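With the hints in hand, could you dock these two chains into one complex?
Which chain is which? The protein sequence lines are A and B, in order.
Residue numbers for the first sequence follow the numbering used here, beginning at 1 and rising by one.
Residue numbers for the second sequence follow the numbering used here, beginning at 1001 and rising by one.
Derived by calculation from the structure, the hints in this document are not laboratory data.
Bear in mind that the values here come from a model prediction, so they are computed numbers and not experimental data.
Errors might be hidden in some of the hints.
As the list claims (entries may be wrong) - Sample of chain A residues lacking proximity to chain B, with all beta carbon distances greater than 12 Å (derived):
hint, residue
1, Val19
2, His73
3, Ser79
4, Pro101
5, Val112
To be verified - A few chain B residues facing chain A, derived, Cβ under 8 Å:
hint, residue
6, Pro1034
7, Ile1047
8, Asp1049
9, Gly1055
10, Ala1070
11, Phe1089
12, Leu1104
13, Phe1106
Here a beta-carbon is modelled for each residue, glycine too, at the ideal position from N, C-alpha and C.
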Amino acid sequence: DSGVTQTPKHLITATGQRVTLRCSPRSGDLSVYWYQQSLDQGLQFLIQYYNGEERAKGNILERFSAQQFPDLHSELNLSSLELGDSALYFCASSPIEGFSPLHFGNGTRLTVT
Amino acid sequence: GENVEQHPSTLSVQEGDSAVIKCTYSDSASNYFPWYKQELGKGPQLIIDIRSNVGEKKDQRIAVTLNKTAKHFSLHITETQPEDSAVYFCAASRSAGGTSYGKLTFGQGTILTVHP
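Next comes chain B alone, as it looks inside the complex (with noise of 0.2 Å):
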């Protein structure tokens, strides 16, 4: 099955840095990589998403970059602020008759600090 590798763990920034995130996935078929953001006691929150057919996206401080070849994807937050703090996690998954964007294979996430 698919594989996530999420690097790093734990990243600290200083408010007004850039932050960015890397993922690695296994399964070559994989065409849709979201990117979640998790407060405490709170569920995911999905902040943004790219498909296989584009190589990047953006929306507004977030964009996110796919390199299919590499099998790797990223997540870069310009001009971070303190409430960026929470932890962040890739996902992958593959479509298979339209039932299987759900089913997400996680990376094991990213604590982002945000110092002010």
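Here chain A stands alone, though its shape is the one from the complex (with noise of 0.2 Å):
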């Protein structure tokens, strides 16, 4: 058990719909990192965010948001979803900015009928 935990595990919604994940990080952990998987795309860096701030931005749709609060756990949300937003997303969470390594949660499986 990495100690990093996602929720919901899965998730099934509708086109155009809004949804938000959750993930607690490891604790004592500042940094929380997104990460998308799918078939076609592999593991994509999305965000992350370091005690509460936005610190590097990857290949996340504008259609997306993130943010880490106070208590420095943290949500994606996604939103006017479209069916290629299906995909895994994970949540990850290293103790400092700079050189440690990720621990990942078990992600949320994210279904758009």
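Following this line, the structure appears as structure tokens:
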């Protein structure tokens, strides 16, 4: 168990809808990262937060947004969902902003119908 | 941006044999190379990592080698066991003021099957 908790485990929704994915990092970790895993794109970095502030952005769509709260949990918001947004969404955390290995949660499987 | 190529996409070995997975990267500034193991229904789990100031690192049956000149790194698993069966991912990143180690670029993955 990595200590990173993601909820829900599964999410099924319709096109055009909006969902929120939640992540609780390992105790003491200040950095949170979101990744998307799909069959065609593989594992792709979306966004990073450190102690509440956005630090780095990857290939994150404008329809997607994230935030990290004072208690360090993070939420990824996906809106105007399309079929192609169906994927596994992983959250990872690390203690500090610099070099430290990432520990991944078990992901949220999003299915858009 | 960084591009990481991983080979082979599938690898089948007999229990006790060795397995080697290779990756190449494009960004010469990359300086951190982790390997992850992903089992069905779970998130990627870090199994070993190496920084660019080191050429080789070993942890029991697992080793990673890095050739900075050729921009490639490899994962070596010796004495494979059925429980080693999983998808393995290599990744690369570079630091930029300490903020980029977590911005990993992943390879496409290798499905390793170890037959008893």
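Here's how the hints hold up against the structure:
1. For valine 19 of chain A, the non-interface assignment is confirmed: its Cβ lies about 19 Å from the closest Cβ of chain B, beyond the 12 Å cut-off.
2. Every C-beta of chain B lies more than 12 Å from that of histidine 73 of chain A, the closest at about 17 Å, which supports listing it as non-interface.
3. The Cβ of serine 79 of chain A sits about 24 Å from the closest Cβ of chain B, beyond the 12 Å cut-off, so the non-interface label holds.
4. For proline 101 of chain A, the non-interface assignment is contradicted: its Cβ lies about 5 Å from the closest Cβ of chain B, within the 12 Å cut-off.
5. For valine 112 of chain A, the shortest C-beta to C-beta distance to chain B comes to about 20 Å, beyond the 12 Å cut-off, and the non-interface label holds.
6. With a cut of 8 Å, the hint placing proline 1034 of chain B at the interface with chain A holds, because the nearest CB-to-CB distance is about 6 Å.
7. At about 10 Å, the closest approach between the beta carbon of isoleucine 1047 of chain B and any beta carbon in chain A exceeds 8 Å, and the interface hint on this residue is violated.
8. About 6 Å separates the beta-carbon of aspartate 1049 of chain B from the nearest beta-carbon of chain A, less than 8 Å, and the hint is met.
9. The beta carbon of glycine 1055 of chain B comes no nearer than 18 Å to any beta carbon in chain A, farther than 8 Å, and the hint placing it at the interface is violated.
10. Residue-level restraint check for alanine 1070 of chain B is violated (minimum Cβ-Cβ distance to chain A is 23 Å; threshold 8 Å).
11. Hint status for phenylalanine 1089 of chain B: holds, given a least beta-carbon distance of 6 Å to chain A, under 8 Å.
12. The criterion of a C-beta within 8 Å of any C-beta in chain A is met by leucine 1104 of chain B, whose closest approach is roughly 6 Å, and the hint holds.
13. The beta carbon of phenylalanine 1106 of chain B is positioned within 8 Å of a beta carbon in chain A (closest approach about 4 Å), and the interface hint is therefore held.
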